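Trainee: Sequence:
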Amino acid sequence: YKRQRSLFMKPIHYGFTFIAINLTNDKVKAYSEIQQIYSESLNNDKRFKELAKKHSRFENRFPSGKVNSISVINLSRTFGINVNRQLKLLDVGELSKPVESESGLLWILKLDKLEKARVKTFDEAENQATQKLGNSIVEKLKNEIIDVIIKEQNIHIL
162 YKRQRSLFMK PIHYGFTFIA INLTNDKVKA YSEIQQIYSE SLNNDKRFKE LAKKHSRFEN
222 RFPSGKVNSI SVINLSRTFG INVNRQLKLL DVGELSKPVE SESGLLWILK LDKLEKARVK
282 TFDEAENQAT QKLGNSIVEK LKNEIIDVII KEQNIHIL
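When the letters of the sequence shown are read in order and numbered with the numbering used here, they come out as residues 162 to 319.
Calculated from the structure, these hints are not laboratory results. A quick note: this is a predicted structure, and the numbers were derived from the prediction, not measured. Keep in mind that a hint or two might mislead.
List of simulated lysine to aspartate or glutamate pairs, DMTMM-like, C-alpha gap at most 25 angstroms [what the hints assert, rightly or not]:
1) Lys227 x Glu287
2) Lys227 x Glu211
3) Lys293 x Glu313
4) Lys227 x Asp252
5) Lys171 x Glu287
6) Lys214 x Glu263
7) Lys249 x Glu201
8) Lys171 x Glu194
9) Lys274 x Glu211
10) Lys274 x Glu255
11) Lys214 x Glu261
12) Lys207 x Asp252
13) Lys258 x Glu305
Modelling step: build the complete structure from the supplied sequences, incorporating the hints.
Mentor: So, in structure tokens, the structure goes:
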């Protein structure tokens, strides 16, 4: 831990609320709708939250259009690079202008919280190391059991 702290870095984490409008049917209508939503939401946090609930495209994973915490690593995989880039430009509490993603959605984002990258605490690093060690021990035991079964059953692998 002391010699290789870089192995135990906790990446940037974002918490944000979003509104997402589908672009696939009528692009002009979608841009008009997102501009209307943006105008209604600017300087009106309560209205933005209401509209985020209404326009959440990921109800199962992010009800009410709210992402409590997601690492910068998972952010691009889940929401796309354009959403990631836009969040990096925002200050906490700030609302983004509409941004188009690679997935065919128009987004308005509000950065709720930002946790900067940091070295994990010793306890966090210990838990990470214990999990990895536990997983490797389980994998080793599985392989040993498979080897015993192969020998006992006289199985020949080609």
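Trainee: With reference to the structure, classify each hint as holding or not holding.
Mentor: Here's how the hints hold up against the structure:
no.: 1; hint: Lys227 x Glu287; in the structure: violated (30 angstroms)
no.: 2; hint: Lys227 x Glu211; in the structure: holds (11 angstroms)
no.: 3; hint: Lys293 x Glu313; in the structure: violated (30 angstroms)
no.: 4; hint: Lys227 x Asp252; in the structure: holds (17 angstroms)
no.: 5; hint: Lys171 x Glu287; in the structure: holds (13 angstroms)
no.: 6; hint: Lys214 x Glu263; in the structure: holds (22 angstroms)
no.: 7; hint: Lys249 x Glu201; in the structure: holds (23 angstroms)
no.: 8; hint: Lys171 x Glu194; in the structure: violated (38 angstroms)
no.: 9; hint: Lys274 x Glu211; in the structure: holds (19 angstroms)
no.: 10; hint: Lys274 x Glu255; in the structure: holds (10 angstroms)
no.: 11; hint: Lys214 x Glu261; in the structure: holds (19 angstroms)
no.: 12; hint: Lys207 x Asp252; in the structure: holds (18 angstroms)
no.: 13; hint: Lys258 x Glu305; in the structure: violated (57 angstroms)
Violated hints, listed in ascending order, are 1, 3, 8 and 13; each of the other numbered hints is respected by the structure.
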